[in-house]
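K.L.:
Under the working numbering, the very last position in the sequence shown is 258; numbers go up by exactly one each time.
Hints in this document: simulated from the structure, not taken from any laboratory. It is possible that part of the hints are untrue.
Each computed BS3-like pair below joins lysine-lysine, with the alpha-carbon atoms no more than 30 Å apart [said to hold, decoys possible]:
1. K48 x K174
2. K142 x K196
3. K(-4) x K48
4. K156 x K49
5. K(-4) x K233
6. K256 x K(-4)
7. K215 x K196
8. K256 x K174
9. K215 x K182
10. K114 x K182
11. K142 x K114
12. K156 x K120
13. K215 x K201
14. K48 x K156
15. K233 x K252
16. K156 x K256
17. K174 x K196
18. K229 x K252
19. K182 x K229
20. K67 x K48
Source: prediction; values computed, not measured.
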Amino acid sequence: MIKSIPYEDVLQTILCKYDEPMPGAVVSAYLVDGLLIDTGPAYTAEALADFMTDKKLTCVVNTHHHEDHIAANKFLQDRFGVEIFAPALAVSKINQTPELYPYQEEVWGYPVPSIVMPLRKSISTEKYHFDVIPTPGHDRDHICLFDAKNGRLFSGDLFLGIKPVASRPMEDNWQTLEDLKRIRDLNPKTIYSASGLVVSDPKPRIDKVISALEEIGNIVNKLHGQGLTPLQIMEKIFGKEAPIAERTQAQFSSENMVKCFLKRV
């Protein structure tokens, strides 16, 4: 499935393997003044390249190396000859075939390796200038792009769920809190997230996410100090494991959320 929604001169392109959007199986790419931010999963890679045929496309930025954000890179390079940029820590990972868990292969597919160049501190189009904002809580190479003049933040996978219940092992939840506070302090007018969520006046929502994560993190630290294991802490906070854990070979899990708060202990 590929579906586009215009927001003034930002074109959101919703990408999903399935005919109907499924929670956790959708990625959004954004096209603004010839800059494409993220390229989606393997199952929609050719469709995205076809979709871009009559669009202005001058360059691409990957917000990080995950397979659901990079898979159309090679198709876009071959068809349009565009330059693709990614955070420096992501470059070598995008240049090779990743190892995937079965759920990742099922939902996203294997991306074809592509040649990308290290992203600098900013990138400009004909009309706009975007600052690169490091946000390494989701993964060490994750960045956001901020159009300060217009208050537009393209947030990639920086978490915006108000009721967090699961994390993956690579995440650092205290760092995510720092990332959220950093983007809040930029005072964006609109956030465009890779999950598909587009939020105007996002500060109240960001504050709710920060509050929810801080509450969980403080409880985790308190219970850890009492000698509880991550599993015991998870059961105290959440009652039981999140259903998504079974579907993702325990990669997304509430126990991992606890462990991702304990990385700095």
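K.L.:
With reference to the structure, classify each hint as holding or not holding.
P.N.:
For each hint, the structure was consulted:
| no. | hint | in the structure |
| --- | --- | --- |
| 1 | K48 x K174 | violated, 35 Å |
| 2 | K142 x K196 | holds, 17 Å |
| 3 | K(-4) x K48 | holds, 14 Å |
| 4 | K156 x K49 | violated, 38 Å |
| 5 | K(-4) x K233 | violated, 36 Å |
| 6 | K256 x K(-4) | violated, 39 Å |
| 7 | K215 x K196 | holds, 28 Å |
| 8 | K256 x K174 | holds, 19 Å |
| 9 | K215 x K182 | violated, 36 Å |
| 10 | K114 x K182 | holds, 21 Å |
| 11 | K142 x K114 | holds, 16 Å |
| 12 | K156 x K120 | violated, 37 Å |
| 13 | K215 x K201 | holds, 21 Å |
| 14 | K48 x K156 | violated, 37 Å |
| 15 | K233 x K252 | holds, 15 Å |
| 16 | K156 x K256 | holds, 21 Å |
| 17 | K174 x K196 | holds, 10 Å |
| 18 | K229 x K252 | holds, 14 Å |
| 19 | K182 x K229 | violated, 37 Å |
| 20 | K67 x K48 | holds, 17 Å |
Going through the hint list in order, the structure does not satisfy hints 1, 4, 5, 6, 9, 12, 14, 19.
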